[in-house]
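Chains as they are written, first to last, in numbering that gives the first Met the number 0: chain A, 0 to 448; chain B, 0 to 448; chain C, 0 to 448; chain D, 0 to 448.
Hint data in this document are derived by calculation from the structure and do not stem from the laboratory.
Because the structure is a prediction, the values reported are computed rather than measured.
In this list, chains with the same sequence are indistinguishable; a pair is considered to hold if it fits within one copy or across any two.
Computed list of lysine-lysine pairs in BS3-like fashion (alpha-carbon distance at most 25 Å, straight line): (1) Lys-137 / Lys-79; (2) Lys-329 / Lys-188; (3) Lys-211 / Lys-167; (4) Lys-267 / Lys-448; (5) Lys-370 / Lys-161; (6) Lys-34 / Lys-211; (7) Lys-429 / Lys-415; (8) Lys-226 / Lys-267; (9) Lys-207 / Lys-161.
4 protein chains.
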Amino acid sequence: MIKDRLKIATIGGGSSYTPELIEGYIKRKDELPIKEIWLVDIEEGKEKLEIVGNLAKRMVENAGLDWEVHLTLDRREALKEADFVSTQFRVGLLDARIKDERIPLSHGILGQETNGAGGMFKAFRTIPVILDIVKDMKELCPNAWLVNFTNPAGMVTEAVLKYGDFEKVVGLCNVPINHNMLESKLIGKDVNELVFQYAGLNHHHWHKVFDKEGNEVTSLIMEEMFKSNEQVLENIHEIPFFEEQIRDLGMLPCGYHRYYYLTDDMLKNEIEEFQKNATRAETVKKLETELFELYKDPNLKVKPEQLTKRGGTYYSDAACELIASIYNDKRTDMVVTTRNNGALDDLPYDCAVEVSSIITGAGPMPINFGKFAPAERGMVQIMKAMEEVTIEAAITGDYGKALQAFTINPLVPSGKIARTVLNEMLVAHKKHLPQFAEVIEKIENGEIK
Amino acid sequence: MIKDRLKIATIGGGSSYTPELIEGYIKRKDELPIKEIWLVDIEEGKEKLEIVGNLAKRMVENAGLDWEVHLTLDRREALKEADFVSTQFRVGLLDARIKDERIPLSHGILGQETNGAGGMFKAFRTIPVILDIVKDMKELCPNAWLVNFTNPAGMVTEAVLKYGDFEKVVGLCNVPINHNMLESKLIGKDVNELVFQYAGLNHHHWHKVFDKEGNEVTSLIMEEMFKSNEQVLENIHEIPFFEEQIRDLGMLPCGYHRYYYLTDDMLKNEIEEFQKNATRAETVKKLETELFELYKDPNLKVKPEQLTKRGGTYYSDAACELIASIYNDKRTDMVVTTRNNGALDDLPYDCAVEVSSIITGAGPMPINFGKFAPAERGMVQIMKAMEEVTIEAAITGDYGKALQAFTINPLVPSGKIARTVLNEMLVAHKKHLPQFAEVIEKIENGEIK
Amino acid sequence: MIKDRLKIATIGGGSSYTPELIEGYIKRKDELPIKEIWLVDIEEGKEKLEIVGNLAKRMVENAGLDWEVHLTLDRREALKEADFVSTQFRVGLLDARIKDERIPLSHGILGQETNGAGGMFKAFRTIPVILDIVKDMKELCPNAWLVNFTNPAGMVTEAVLKYGDFEKVVGLCNVPINHNMLESKLIGKDVNELVFQYAGLNHHHWHKVFDKEGNEVTSLIMEEMFKSNEQVLENIHEIPFFEEQIRDLGMLPCGYHRYYYLTDDMLKNEIEEFQKNATRAETVKKLETELFELYKDPNLKVKPEQLTKRGGTYYSDAACELIASIYNDKRTDMVVTTRNNGALDDLPYDCAVEVSSIITGAGPMPINFGKFAPAERGMVQIMKAMEEVTIEAAITGDYGKALQAFTINPLVPSGKIARTVLNEMLVAHKKHLPQFAEVIEKIENGEIK
Amino acid sequence: MIKDRLKIATIGGGSSYTPELIEGYIKRKDELPIKEIWLVDIEEGKEKLEIVGNLAKRMVENAGLDWEVHLTLDRREALKEADFVSTQFRVGLLDARIKDERIPLSHGILGQETNGAGGMFKAFRTIPVILDIVKDMKELCPNAWLVNFTNPAGMVTEAVLKYGDFEKVVGLCNVPINHNMLESKLIGKDVNELVFQYAGLNHHHWHKVFDKEGNEVTSLIMEEMFKSNEQVLENIHEIPFFEEQIRDLGMLPCGYHRYYYLTDDMLKNEIEEFQKNATRAETVKKLETELFELYKDPNLKVKPEQLTKRGGTYYSDAACELIASIYNDKRTDMVVTTRNNGALDDLPYDCAVEVSSIITGAGPMPINFGKFAPAERGMVQIMKAMEEVTIEAAITGDYGKALQAFTINPLVPSGKIARTVLNEMLVAHKKHLPQFAEVIEKIENGEIK
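Kindly generate the complete structure, drawing on both the sequences and the hints.
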């Protein structure tokens with residue numbers, strides 16, 4: 000039985016996103032009878048935890064709420080009897096992300112911290128940690144829901160489902176909601192007047208849109224999108240898609256599809272950023288320093304506007320809405336990462352997919368999607384295969400698997416360059432890749448070249 | 000664009016169910032801006048159409064509504080520019096159903112007017128007529144939704160999808176809602192406090208139930224069901240299921256599963272009814288005569304209580320709610336017959352299934368179900384195969400196909416008896432089976448034995 | 000590495016079939032460099048083992064071969080370092096089969112010792128024993144191939160694959176080869192001039208036939224079959240199929256399909272046999288007594304003609320050919336029971352199917368079949384589901400599973416009668432059903448009714 | 000009924016490969032009772048046809064055979080009542096291949112005349128022609144088998160199956176047989192002592208190998224391959240694979256996988272060849288000139304050794320063996336491109352795949368393969384999707400489809416470069432792309448950029 004008053008724990012509570020999360024809870028105070036919010040972080044994040052944690056406390060107080068906000072480095076204490084656990088941690092902090100992006104770029108290839116070489120390394124670092132968290136949850140709060148925003152959200156969620164033997168996990172991302180907001184605006188509709196159907200993988204999904212009269216308006220949005228200059232997502236460079244190719248797709252791509260459909264221009268742009276020391280990771284690091292400066296202000300009692308630029312807009316709407324929907328069995332229509340079970344016929348039955356779902360008290364129930372047209376199908380299938388091999392590499396620390404994952408990833412050119420980047424990144428992230436210790440030693444010894 | 004004021008046509012408008020339908024519309028008057036209701040029937044049903052049509056008019060007037068109620072024998076006029084078309088007709092009227100039930104029983108086998116020998120003949124008579132209606136709709140109201148209650152609702156809906164080349168069709172049945180109502184009562188919950196997940200075929204589905212806290216309560220309901228004597232459905236004999244077998248299923252069966260799980264007792268009961276001239280068809284015919292007597296009363300201005308016994312309880316909640324949900328994009332969770340598209344992995348991609356769906360302005364979006372356990376899987380697969388062969392027989396008038404359908408139907412023993420019953424029924428329904436004319440002639444001539 | 004001289008062990012070596020097996024080996028003496036043949040049996044079968052074993056020795060000697068024929072009750076000694084193990088044992092001997100057939104018939108339902116109520120009980124008795132044999136094999140001869148003829152061959156083979164965790168198993172049956180021989184004769188061809196493609200389950204498969212010019216001759220054979228009175232199989236009653244239904248199938252059924260397509264007549268015939276104490280089991284028992292009398296004759300040095308009537312014709316061609324094909328990587332085209340792996344798209348990926356395969360040194364490689372038409376599909380799917388549930392019941396001894404298997408088996412009417420027959424058979428076979436001990440006690444105590 | 004004496008027609012009969020084909024027929028003269036060989040070519044190929052045709056005549060005469068060798072430009076006359084039709088034509092001749100390879104390389108991307116940008120253009124040019132040939136065959140020799148070697152053999156065969164509505168087609172390639180020959184040699188076995196199981200697409204397949212004792216020797220071959228320097232295929236640059244990645248695959252790749260697994264080195268090598276005007280197409284053109292000089296020699300009466308360098312070694316063993324196997328129902332184990340029908344579970348049911356098959360009188364029956372591991376699965380799935388979109392573009396002449404195919408092809412970087420290369424190639428091949436006429440005009444007018 001769910002408790003009358005909730006305990007919510009956030010792993011990576013010292014994140015700059017936390018104020019948005021708190022704002023989201025406050026907005027839903029009537030739906031979410033929170034008792035305790037536990038913000039957890041690690042020793043290295045202690046200072047940030049205190050800064051943002053104190054802001055969180057001020058926000059709660061300012062809203063006139065009696066919620067307890069706890070700041071702690073003791074994860075197990077935070078998890079104990081929690082009702083919901085959200086994860087937004089970053090193993091190796093932003094410095095690791097800078098390596099994820101800069102090392103590949105230094106060899107002239109995309110870093111892409113979610114599904115490219117960078118994202119694979121983020122998976123290598125994160126998956127052992129999330130499985131450790133799940134192990135604790137099974138002991139300390141076996142009935143809690145795990146809401147994961149940690150990227151690469153698709154792979155991390157699949158690892159929990161397949162290797163953590165834990166079903167109550169939902170992966171979440173703010174990309175779909177940003178599309179919904181922008182696209183409804185583009186055709187002069189309120190977001191609630193449209194039905195969106197998403198299908199694919201995290202940062203690799205397409206969607207169709209219908210109006211309330213049942214007419215498909217996907218093409219209409221497409222044409223408006225081609226005319227418009229609106230930016231969907233802060234964190235990726237917005238080059239116009241090729242209209243003929245998108246029309247042929249018959250579905251709306253997500254912003255991240257630029258990496259696949261317009262690889263050369265995206266790479267060119269990132270190399271420019273790399274040369275100016277302005278990769279996304281570096282930009283974010285700068286933004287975060289500024290944000291934390293703001294957060295320190297004892298007079299700040301609400302989420303500052305500047306957070307929007309960070310790239311996580313609508314996370315509150317996504318994460319808090321998900322928690323509220325599960326708690327209240329709201330049957331909201333949301334896009335989440337969850338177990339496929341045949342909702343997408345072209346992908347393995349037991350893998351994780353990102354799909355429009357109804358959020359019930361029993362968790363997400365995916366709306367069936369069926370089959371893709373070939374152009375989407377082939378792409379999403381190779382991405383899923385890459386995700387599976389990456390996860391296996393993250394679990395086993397096997398060099399062949401890691402090299403395989405690099406080889407089949409469409410964002411990484413295969414051959415010598417893949418091997419070089421892989422080896423360099425393994426060494427660079429040594430501290431956070433205990434499972435690869437032996438392999439890294441061999442690289443350092445020149446046994447693996 | 001959907002019109003501001005709606006035109007709704009009902010084929011088989013002279014049915015005794017009509018008052019419930021009208022009541023359902025009236026209940027939803029704020030959601031459904033109806034302008035015209037057209038009740039259509041055929042020459043033989045003219046008298047009943049007038050009786051029930053006049054009651055409908057009195058009901059609408061009594062509710063203080065300005066809706067026009069038209070009674071007509073001209074189907075094309077009724078369909079013209081309609082927004083919704085519902086079908087509740089019965090080719091050959093109740094006398095045909097009496098034959099559907101009595102002929103098999105006279106040979107000691109179940110009639111079962113939905114999925115047994117009787118149901119197959121109902122499909123043979125109905126499918127050519129519904130395809131004719133769809134042909135008219137494509138000409139006269141191509142954007143209207145067809146809401147089909149005519150049994151066998153699964154086969155009729157599949158025929159429209161596959162052979163009518165018409166996507167805007169939804170099949171509907173009152174069995175799921177009856178289960179929902181009873182089962183929530185059994186465990187002391189309000190129906191809205193539970194999440195029901197249905198999967199299968201019309202009159203051959205199973206379901207799981209969850210509470211708002213996400214706990215599966217299927218077993219709890221099962222155990223209460225075993226203790227209780229409550230009747231789920233008026234129209235089928237309620238013998239207790241074998242507890243061990245149902246527990247092994249792991250899902251709740253529907254009332255009609257008694258025909259498959261308890262065949263011998265069901266047959267015994269029907270043979271008793273047959274001997275007393277009290278088959279369900281004969282009982283219903285008597286009930287209908289009484290109902291129409293009641294309906295004639297010019298002082299009757301609401302749906303009479305006695306209609307409940309007829310067996311169609313909650314049709315109003317189902318049918319009118321479906322129409323209101325599509326019109327208003329309500330995203331209600333309902334159980335409907337719609338195209339599979341992989342929602343049920345164990346059944347063909349393009350067939351019709353009965354499945355929990357979200358009803359949007361663009362029609363039903365099935366909630367993905369995935370795979371069944373073997374015990375459900377095998378049954379639902381042979382039933383679907385039987386449906387497919389039956390539909391093919393109904394379309395082609397091929398004797399081999401009809402015999403095949405009889406042979407593989409689990410409710411019909413195969414061999415000489417199947418052949419004898421098939422031949423006798425073909426001859427008995429001759430008038431309503433033009434597609435089988437040649438075959439019937441051969442039977443009458445003794446060329447087919 | 001396979002040895003130069005082979006050790007072959009036969010579990011159930013005291014079977015009346017053994018002379019045919021020995022004949023088969025002798026026929027293939029140039030392909031099969033046998034060193035030792037071990038015939039194993041249990042204490043109760045000792046006498047028969049000696050009789051038939053001595054005949055085997057005389058046959059080998061008569062053929063001028065130096066093969067050693069060992070007779071033993073020590074299974075482990077026989078299995079030690081064997082190269083091939085064949086199984087043809089019968090738990091409970093023919094008396095158990097008599098119960099399998101007579102108990103259901105005493106309640107007016109088919110016994111059918113392979114896939115009906117009788118076959119399910121044969122599975123309950125056999126599966127624990129075969130798993131025990133496999134356990135020994137994994138220890139004593141882990142590289143040997145297990146060639147299983149023990150019925151129900153499909154379920155027994157699936158149990159080994161799924162629950163025995165042993166891949167080197169092939170199930171074998173003489174039905175396909177009998178069809179091949181008869182059908183080629185029917186259209187005046189040599190059996191090698193035709194290409195047969197079989198697909199389905201043991202005793203539940205269909206096939207297509209092509210001539211060497213690539214023309215499908217399935218229909219041609221069908222029409223000849225309708226004209227002919229030839230008997231395909233000795234052991235089942237040969238009632239003519241309904242021509243229209245078989246034509247609609249588009250594939251040739253197997254002899255056992257009479258139980259499914261002509262249930263009433265088959266039942267009528269079996270009830271007549273039951274009343275005359277001449278069920279197949281009783282007939283076989285009589286035949287066996289006669290056979291063993293013949294076998295005793297010290298002058299008999301070859302397989303006696305009378306064995307043909309026993310019903311196992313062509314077992315030698317099937318079993319010895321399989322062993323010779325594996326040993327010599329002959330790439331023969333044979334019909335065997337093996338793991339599906341998608342060869343039959345309509346059945347689970349990991350189940351056992353009976354399918355035309357190429358027999359290589361690495362075992363059978365199934366020829367891909369693809370999808371069935373609906374009439375075959377539905378039948379084979381429910382049969383497979385029944386097999387899966389039966390196997391689970393055999394493994395777990397769970398009463399609900401056993402009742403479920405009875406309920407969904409198309410040859411067993413469901414309801415009280417199924418339950419009554421199940422309970423009576425459980426008690427009757429008590430001695431050979433240790434896994435059901437608790438359940439049987441409850442039936443005897445009246446706790447299960 | 001197949002005739003006693005055969006008529007075989009070869010479209011593209013003027014090809015330099017023809018002598019090998021003739022040699023193959025001669026080698027099989029006892030199995031193939033040939034009456035007439037028709038070599039067909041187009042006006043532009045007349046001279047080569049005469050040269051190679053006369054060599055063919057001399058070869059036949061030299062072998063002491065009475066076969067008629069006809070040289071013709073009249074395709075319809077050649078097809079009339081043919082028993083087998085083989086296709087080895089090249090639309091636009093080698094000059095078109097030079098463009099296929101050089102244009103992409105001039106922009107720094109791989110040409111790859113089978114599955115890369117070059118191969119897609121070869122498909123665009125060839126598919127309309129093959130469909131035209133099939134149209135003639137349906138009229139003039141509807142029972143003949145079409146044996147296609149024209150590259151891209153996978154796409155061309157799929158186009159015939161899907162859009163030509165013609166089932167009697169088999170695609171053929173010499174890559175598998177070259178692997179078989181080399182790999183058996185590597186481990187010191189005769190090719191007939193091993194069982195090879197291939198699965199995938201043309202020029203994109205993997206295989207497993209077993210010895211006659213049933214042991215998998217895939218890894219053994221892998222390790223020998225890593226040690227060896229043997230060249231499998233003349234026509235592709237043989238860079239060593241990364242051992243760790245291949246071991247992780249668990250299957251042996253084909254030579255063409257270098258393009259996918261070692262893209263950067265392969266590109267580097269091709270750019271060097273490009274700069275030296277020594278792309279494969281240019282080399283082949285030179286070789287062909289030399290070969291035709293040799294062919295002119297009236298004293299040459301056998302296939303000259305130099306043909307081996309051309310890159311088509313073992314085509315005779317493949318093509319003539321296929322024809323002989325079908326004609327004689329030899330049930331040979333060969334690797335062919337044929338309809339999937341579920342043999343490879345990870346690819347669409349109705350697509351063409353390259354798979355180990357048994358060649359019967361009724362054509363190839365694929366050996367079931369089942370599912371790939373993720374690393375193979377993702378690659379083969381995107382390649383199939385690319386093939387499907389390419390075929391659609393070839394049929395429709397739609398620019399969006401062509402751009403889509405370029406975008407998702409793993410050998411073509413996406414974005415501006417893909418578009419530039421596509422446009423340039425469309426214009427360059429204008430003469431042979433009537434279906435793209437409107438699109439090409441727009442490119443020339445600057446309406447498409």
